[in-house]
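Chains W and C, in that order, give the protein sequences. The first sequence begins at 1 in the numbering used here and counts up one residue at a time. The second sequence begins at 1 in the numbering used here and counts up one residue at a time.
Hints listed in this document are in silico derivations from the structure and should not be mistaken for laboratory results. Hints should not be assumed to be uniformly reliable.
Unchecked claim - Heads up, simulated BS3-like pairs for lysine-lysine below, C-alpha to C-alpha not over 27 Å straight-line:
hint	chain 1	residue 1	chain 2	residue 2
1	C	K351	C	K402
2	C	K418	C	K247
3	W	K402	W	K151
4	C	K418	W	K402
5	W	K247	C	K402
6	W	K402	W	K351
7	C	K216	W	K247
8	C	K247	C	K351
9	W	K418	W	K351
10	C	K418	W	K418
11	C	K151	C	K216
12	C	K247	W	K151
13	W	K418	C	K247
14	W	K402	W	K247
15	W	K418	W	K247
16	C	K402	C	K151
17	C	K181	W	K247
To be verified - The following residues of chain W were derived to be distant from chain C, with all beta-carbon distances above 10 Å:
hint	residue
18	R21
19	L63
20	G81
21	D114
22	D140
23	L250
24	G296
25	F311
26	E359
27	L368
28	K402
29	T434
30	S442
All C-beta atoms in this analysis are idealised placements derived from N, C-alpha and C, irrespective of residue type, glycine included.
Protein chains: 2
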Amino acid sequence: MTQKLDIPQVIRPADVADWEREVDVIVAGQGVAGTCAALEAHRAGAEVLIVERASGGGGASALSSGIFYLGGGTAVQQAAGYDDDAEQLAAFLLASCDPLDPNAALAFANDCKDHFDWLEAQGVPFERTYYGGKAVWLDDTTCLMWTGNEKAWPYREAARPAPRGHKVAGMGENAGAAGMKPLLERCEAEGIAAIYDSAVIALVQEEADGRVVGVKVRQPGREFFVRARRGVIVACGSHNMCEPLIKEHLPLLTETSEPLGIPSNDGAGVRLGLSAGAHAVAMDGVIPTASIYPPGQLIKGIIVNRNGERFVAEDVYHGRLGNFVMEQPGQTAYLIVDSEVFAYPENPLAKHTLVDGWETVEEMEAGLGLPAGSLVETMRTYNADAARGHDARFRKHPDWLKPLDVGPFAAFDISFDKSHYLFITLGGIKTDATGRALDLHSNAIPGLYVVGASAAHIPRTGKAYASGLSLGPGSYFGRRAGRHVAGANWG
Amino acid sequence: MTQKLDIPQVIRPADVADWEREVDVIVAGQGVAGTCAALEAHRAGAEVLIVERASGGGGASALSSGIFYLGGGTAVQQAAGYDDDAEQLAAFLLASCDPLDPNAALAFANDCKDHFDWLEAQGVPFERTYYGGKAVWLDDTTCLMWTGNEKAWPYREAARPAPRGHKVAGMGENAGAAGMKPLLERCEAEGIAAIYDSAVIALVQEEADGRVVGVKVRQPGREFFVRARRGVIVACGSHNMCEPLIKEHLPLLTETSEPLGIPSNDGAGVRLGLSAGAHAVAMDGVIPTASIYPPGQLIKGIIVNRNGERFVAEDVYHGRLGNFVMEQPGQTAYLIVDSEVFAYPENPLAKHTLVDGWETVEEMEAGLGLPAGSLVETMRTYNADAARGHDARFRKHPDWLKPLDVGPFAAFDISFDKSHYLFITLGGIKTDATGRALDLHSNAIPGLYVVGASAAHIPRTGKAYASGLSLGPGSYFGRRAGRHVAGANWG
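Work out the full structure, taking the sequences as your base and the hints as a guide.
Written out as structure tokens, the structure is:
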């Protein structure tokens, strides 16, 4: 059934009979981007009101694994002996995230080290610890991790590789809560007004110049208007749970995969932005993820499609890998290992099925129903390359090269419909480097800012993602929007 | 079988025993981009040598339908009464082609009117005639056509719609030859040296600074080196026929669709660029095309996926439509019409199969195996929208809205595996607005230019394409590269 996307109608100020309240700045949503925006706007002298749908702050950020992608020589990187700088970080982002907004990427790269210091000054806890292996998540408080494609070719040639995943010192899968707690406490300590169980359901916008001047709020049992003298910052999270938007932009996923998010990731931010004439971009950007690691040794296996061909370097970020699997015929792919690297995937979310074990590659090829000779040839070429330490086809890092020649052999089915993929959407409202919402002509809509997962930031495709690129840029652009709306300079 | 992409190795000058010939500028390929590059370099005072693989000039440009996407108020647009200008053209490109290189797009938009005059001054024939309908090709010499998404939502709101397809006054499917003929004659008349049946098989590149200083040429029975004092312009066409690149970047297409190109579109240009350290971008950009029109009345039908849902405005450019079909589950789609708009597709390349006719929508839904109630609901919603002249879901232009309510009903299968899709690749070597090849860091490689379909120009995805965006920007950036390599200013 065609489900219409329920885009709220903007309301004209003339149709607002009564403003229940008036402040300088309204921040819709109290995840990491909204919280940072509120803090900066407040500290720049603006009277701020946070309007949050849940019964408390935190949002999806608090339920995330708590990784901030940061670099440029942060205190943690320095402590771990990594020589990173703004130029290297920018070079990596420009090379790996193309297409992206270069202005936003350069601004983030230049300010990144200082932004880390700011986060730490708010009380966000980061240890001076480092994990050297390839991991998706760590069940301890270790901070610095390799979370992207820094060491994958060709990015390792574009920029000096450095680990840039900064995990807050919290435990478990929802370590993000340890990062949100001090930020929320700061808001309260500084007396920033917040109302909870309160949803922004429409923007109020002048007809003449398109200026956004307020919002309509729904609370259980009543609705009312709040006027914003300076502007509205939309920080409502992603559209991961918005079925019409997903069906429209990512129809392949609706049949095979599950969204990873919270119920309020229903696209309210994107929909509010669209209602005021902002433009949405990169809405087909997605991270479909079912990592083949840990354990890291599985990366020494190869991944083939139903033609028996490799199609990606196996050592790339798992989101990039998932994007490539998504593009294969039938979204079908197998992870092939020999007995020396065989192990069961440890990630409880991945659920890759062990198809079978075979004594020879020929038997495996037949068992998987691959074209005659295809897998034999792929493995012959790969093994020869691995033996001399150079993957000529995809340049997998020499660290992960080992001829797969010690039988028996095994295959895991990592196809979209056989494994268990989770997806996280990218894309959203088009914004500039200060978080201002842009229309189709790239003109800023007066009084409207969109930050965090409601906006299209860095990067715009899942092939380019690295863990931490939501909390990292989200917190940074939140801060910039907060200062800008309050009329304060940046930097 | 994993087929390795045979990237030529660059050769070091020290390893060149003998330079058979030396000129200022070598142009590899004599399609529209190479021809325009050679003319400009020659006229700026450089000694030029064209090296062309075929036995004569023209390339895929001469076999194309001969449409140049041009605007900004060309003489033809003015004659037809269309008020276009550089600003409107830029606005359209920036809105519809995102992501793209904004510098290249703005340069093209600003110079576009003058570029038309230049083409005409070379003898490229353009009539002062205009076709008002929606067409893919015209079997006559009519010039001005609507070939893109100018009238489709939201682009019609981003820029004042204007027709910008400028078809050369040639007949038939290969009208492009009528445009290439005068350009080739100019080259000959002005004494620009050219060798045919001659392929550039490798670049000669200094190790120290990466400067490209010559090429290795293969002729039947022999190979030799040519030195370029100023630089090499690679204009070798697309990688449409390059199986390894297609399998790597567009695996879905290898099973269902056919490349549209000439045998020498084997990616030589991309491969030469890669060999010298240039970066390739947008390699998954593609136009999969099997237009549902002509006749235009078929656009009044709706297109649904196997969930019985619409997913795109049916009046968009057929390449955009094809891209959306490509993303549907199973690449499956049906064109649904009622008896008032029923017609057989006229495009002989499309080969959409008529599935059947049915008395009622319910029977059609069952006949197509769509989920119960899905098509009934989709058509109920669409028909209500069409009746009031507003397609709320996808904003199909009111011109094409008609309730589909006069049975019997019919469906054409326009799925990738049931219809006959042809594809044209986009993407290629990353370049700047003067055609200089860029590396991963966006630094120019000295002495190397890449233009035409060997480069990633405007646009980079098939969703953004308009007919004529190969010959239009290809000829323009060819000219700019020609002047730049010769040391001449632009404009």
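Here is how each hint holds up against the structure:
Taking the CA atoms of K351/C and K402/C, the gap is about 25 Å. The hint holds against a cut of 27 Å. Proposed proximity of K418/C and K247/C is supported: the alpha carbons are some 21 Å apart, at most 27 Å. At most 27 Å may separate the alpha-carbon atoms for a hinted pair to count; K402/W and K151/W meet this at roughly 18 Å. Only pairs whose Cα atoms come within 27 Å are accepted, and K418/C paired with K402/W is rejected, the gap being roughly 42 Å.
Of the supplied pair hints, the one linking K247/W and K402/C holds, its CA atoms being roughly 25 Å apart against a limit of 27 Å. Straight-line distance between C-alpha atoms of K402/W and K351/W comes to about 25 Å, which keeps the hinted pair within the 27 Å bound. The straight-line distance between the Cα atoms of K216/C and K247/W is roughly 51 Å, outside the 27 Å bound, and the hint therefore fails. As the CA atoms of K247/C and K351/C are separated by approximately 24 Å, the hinted pair is consistent with the 27 Å bound.
For the hint linking K418/W to K351/W, the alpha-carbon distance of about 9 Å falls within 27 Å, and the restraint holds. The suggested pairing of K418/C with K418/W holds, with an alpha-carbon distance near 26 Å, which does not exceed 27 Å. Simply put, K151/C and K216/C have alpha-carbon atoms about 47 Å apart, too far for the 27 Å limit, and the pair is violated. With a C-alpha separation of about 24 Å, the suggested pairing of K247/C with K151/W holds against the 27 Å cut-off.
As the CA atoms of K418/W and K247/C are separated by approximately 23 Å, the hinted pair is consistent with the 27 Å bound. For the given pair, K402/W sits about 41 Å from K247/W by alpha-carbon distance, which is inconsistent with the 27 Å threshold. Between K418/W and K247/W the alpha-carbon distance is near 21 Å, which keeps this suggested pair within the 27 Å criterion. Restraint check for K402/C and K151/C: satisfied, since their Cα atoms lie roughly 18 Å apart, inside the 27 Å limit.
Straight-line distance between C-alpha atoms of K181/C and K247/W comes to about 48 Å, which puts the hinted pair past the 27 Å bound. A cut-off of 10 Å between C-beta atoms confirms that R21/W is not in contact with chain C; the least separation is 33 Å. Non-interface call for L63/W relative to chain C: holds, since the shortest CB-CB distance, roughly 29 Å, exceeds 10 Å. No beta-carbon of chain C comes within 10 Å of the beta-carbon of G81/W; the shortest separation is about 25 Å.
At roughly 24 Å, the least C-beta separation between D114/W and chain C is larger than 10 Å, which holds for a residue marked as non-interface. Chain C leaves D140/W outside its interface by the beta-carbon criterion, the shortest separation being 35 Å against a cut-off of 10 Å. For L250/W, the requirement that its beta carbon stay farther than 10 Å from each beta carbon of chain C is not met, with the minimum near 8 Å. Residue placement check: G296/W keeps its beta carbon more than 10 Å from all beta carbons of chain C (closest about 24 Å).
With a closest Cβ-Cβ approach of about 7 Å to chain C, F311/W is found to fall inside the 10 Å limit, against its non-interface label. Non-interface status of E359/W relative to chain C is upheld: no Cβ of that chain comes within 10 Å, the nearest being about 22 Å off. Distance check on L368/W: its Cβ is at least 15 Å (rounded) from any Cβ of chain C, clearing the 10 Å threshold; non-interface status holds. At roughly 18 Å, the least C-beta separation between K402/W and chain C is larger than 10 Å, which holds for a residue marked as non-interface.
Against chain C, the non-interface label of T434/W holds: every CB pair exceeds 10 Å, the least being about 18 Å. Consistency note on S442/W: stated as away from chain C, yet its beta-carbon is not over 10 Å from all of that chain's, at 7 Å minimum.
The structure is inconsistent with the numbered hints 4, 7, 11, 14, 17, 23, 25 and 30, although it conforms to all the rest.
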